[in-house]
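Engineer: Single-letter residue listing:
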Amino acid sequence: MTATNALLLIHGSFCDAEIWRPVADRLRDKGYEVFVPTIAGHGPDGDRRVSHDDCVASLIDYVDSHCPDRFVALAHSWGGTLLQKLAELRGDRLERMVFHNAFVLRDGESIHDVLPPAHRALWDLIKEDPNGLMLPFPVFRDAFANDVDLETAQAAYSHVSPTPVRSHFDKVSLPTFEQLEIPRSWLYAWDDVALTPGEFGWHPRMSQRLGLYRMVSMPGGHMVCQSAPDALTEAIIQASRP
Amino acid sequence: MTATNALLLIHGSFCDAEIWRPVADRLRDKGYEVFVPTIAGHGPDGDRRVSHDDCVASLIDYVDSHCPDRFVALAHSWGGTLLQKLAELRGDRLERMVFHNAFVLRDGESIHDVLPPAHRALWDLIKEDPNGLMLPFPVFRDAFANDVDLETAQAAYSHVSPTPVRSHFDKVSLPTFEQLEIPRSWLYAWDDVALTPGEFGWHPRMSQRLGLYRMVSMPGGHMVCQSAPDALTEAIIQASRP
Amino acid sequence: MTATNALLLIHGSFCDAEIWRPVADRLRDKGYEVFVPTIAGHGPDGDRRVSHDDCVASLIDYVDSHCPDRFVALAHSWGGTLLQKLAELRGDRLERMVFHNAFVLRDGESIHDVLPPAHRALWDLIKEDPNGLMLPFPVFRDAFANDVDLETAQAAYSHVSPTPVRSHFDKVSLPTFEQLEIPRSWLYAWDDVALTPGEFGWHPRMSQRLGLYRMVSMPGGHMVCQSAPDALTEAIIQASRP
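Residue numbers (full-length UniProt numbering), protein chains in the order written: chain G, 1 to 242; chain F, 1 to 242; chain C, 1 to 242.
Same shape as in the complex, but just chain G:
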C-alpha cells in the first residue's frame, strides 16, 4: 500500500488506457485507487495531429479533474516524457514517480533524439505522415511481444493504434526536472528489446538520468502489462510503496 493508495498509470505510444486493464483490475482488487487516462491523440480514434504539448495538457486536465491531492504516478515507455512534465507542473502532488521501461529526456530533447540510429532512420521516413506512426506487426511481435506466443501477440496487437508523429519529434522543455526532490523508481522488465540493449537501450541509459532511484526488476518484455500482469502488479506495488 502506498501512503496515499492512489496510483496514476500513464500509457506509452501506440496505446491507450485500455492497455492497463489487466493490471488496473488487479491493483483495485488489492485496494488501490487507480487512474488510467487516455492521452490526447491516442487510442483508435485519436487526432494524430496533436503536439507533445497537447498530450501534456490532456494529462494535466485529467489529473486536475480526477486525481486526489497526493498520488504515485507511473509511466510506461513514451509516457515517461509526460510524467517528467507532470512532475514539473504538479510536483507537489506526486508522492513518487515510477518509470517503467520508460523514456527519461534531458531538457530540450525529443524522443527522436534518443532513439537508436536504425529507429531514427525509419522515423525520418514517416515524420510527415498525418495518419500517425504505426508499428508493423513483425516488429511488434519480436521487439515488443517477445515473451508471449503468437496468438497472444496478435491479441495484444489488436490494442495497438497509430501514434501522433509530433509526440516523438517535438522537443520537450524540462528546465527543472533533474532538480526535483520527488523520489524515483525504475521498474525494469529486463527482456525488453523495444530499444535495443546496449548503447541505446533502456537500462542503464534511461535509468541513470533519474539520479538516485529505487530499482525493481522482473522478467519479461516491453508489454508485461499484457504478458505478465500478475508479476507487473507485484512490481508496481514494490516500486510505489514508501
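None of the hints are false.
The list treats identical chains as one, so a pair stands whether inside a single copy or across any two.
SDA-like, lysine to any residue: derived pairs with alpha carbons at most 25 Å apart:
1) 171 with 182
2) 30 with 150
3) 127 with 212
4) 30 with 154
5) 127 with 200
6) 171 with 38
7) 127 with 113
8) 127 with 211
9) 30 with 151
10) 30 with 141
11) 30 with 149
To be clear, the hints were calculated from the coordinates, so they are not data collected in a lab.
Chain G is fixed; fit chains F and C onto it per the hints.
Structural biologist: Only chains F and C this time, still in chain G's reference frame:
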C-alpha cells in the same frame, strides 16, 4: 510448436552432437523433429586440421541430406558462425535463426578477432598446435560450468574435446548476412562468463549485431544444455516459435 | 560443501558482524564453520579515526587467531578491499575468494577514486568528519533496501552505523593481487543500485577486474544479507564450492 516443428541444433567448439542429448530428448518428447549434426573436426575423433570452410561444408552436407525444406536453426557459441554461413547459403529454408550465447561475426572477421584480449593472447600461443585447442579444466569449471557442482562439471568436461584451431583463426566471409530478412532470436543464459561480461561479452555486443531480434533469457551459464536442460528446452521453444 | 567447510564473511561499510547473522545461522545449520569478524572502526562503538591499514590489520589479527589453515573468504561491498589485502598477505590460506557486490581496487586506488561522480562530490563534503560517514535514511531506503518494504528497511537501518571516513579515502597498495592464482567468484545481486548501474556500477566494472571468475547471480539489492538470506545462503554455497 514452430510452423515447421523441425529444429536444427548446431553445437559450439570443444563439443559435438552429444552435447545436445538432454535437450534433444526433451524436444522430441514434445513433438519436435530435432537434427543434431557433429561438425567436421569435432568430437573425440575429429581431424583437427579442418578449416572453417570445411566445417561449413560439413554442416551444409548434413542439412542437404537430413533436414526438411523448412526448419528453425539454433546455434550455440562458435556454432553461430556456422549458422551465419548457413543463412547465406540456404536462407530460403530457414524459418528463423536462434543464436544462443553465440558468436555473430561481421563480414571478414574470425572468432579470434572478437575474443577478449586475455583470451586472444592465450589463443596466439597455441595457434599452430595440430592437436587442436583444449580448454583446461579450471577454466571450464569456473567460466563454462559455473552453475553446477564439481561432480557435474567433471561429468560435463568428459564431453569436451580439443577443437580445430583454424576454425577460430580463419576469417569468415559474410557478405550478405546482415541484409537477410530471416527472423532472428537471441537466447541468452545470463550467467555466462565464457566471454567476460562487458566490453567483450556476449550480450549486448553479439546480440546487437543481429539488428531486430527476439530476446529470450534464462538463468545459467554457457553450458545450460548440460546444466539446465528443462529450462533450456522451454527457452528454445519460446525462441523458435513463429 | 567447500573442501574446507570453513567460510570467512567480511562485512562492508556502515555495518559490522551482526549484518551476517541470518546467513551465518543458515550456513551453520548446513554444516559450515562460519567466521564473522567486526572490522576495526566499525559497529556502533567503533573508533571512526581508524585508517584502511588499521582495518586490514584488524582482519589479519582475526584470521590469525580464529580461522583454520584453509578457508573460503567472502567479502561484501567495501569489504572487497580488505579481501584483496588478505589475499596478498595470507593467500596461501585462501581456497577461494568470493566478491559479493564488492569493490575490487587496482593497485593504489581508494574507494573514493572509483565512486560515481555524484557520490564523490558528497563524500568530499564530509571527508574531515571525525564522527564518520553516515548514510541518510532516504538514500539507504531506495539505493540499499530497494527490495523490501518500509518496515523491513527501517529494521535494517537500525544496524547501520557511521563508517570511518579514512577507510574510503586511503589509497590501498595492491602490488600483487592481480597475479595471485587464487580462484575467484563474483556473487552478484542484480538489483543493487548502491553504485548506479552503468559506467560506475558494480557489474561488470568491478567483476572484470577479477580476470577469470565464476559468476553466481541472484535477484535482490545491496543488502540481500538482510532481505533474502535463504537465497543468499544458497548463492554463497554455489560461489564457494570447489
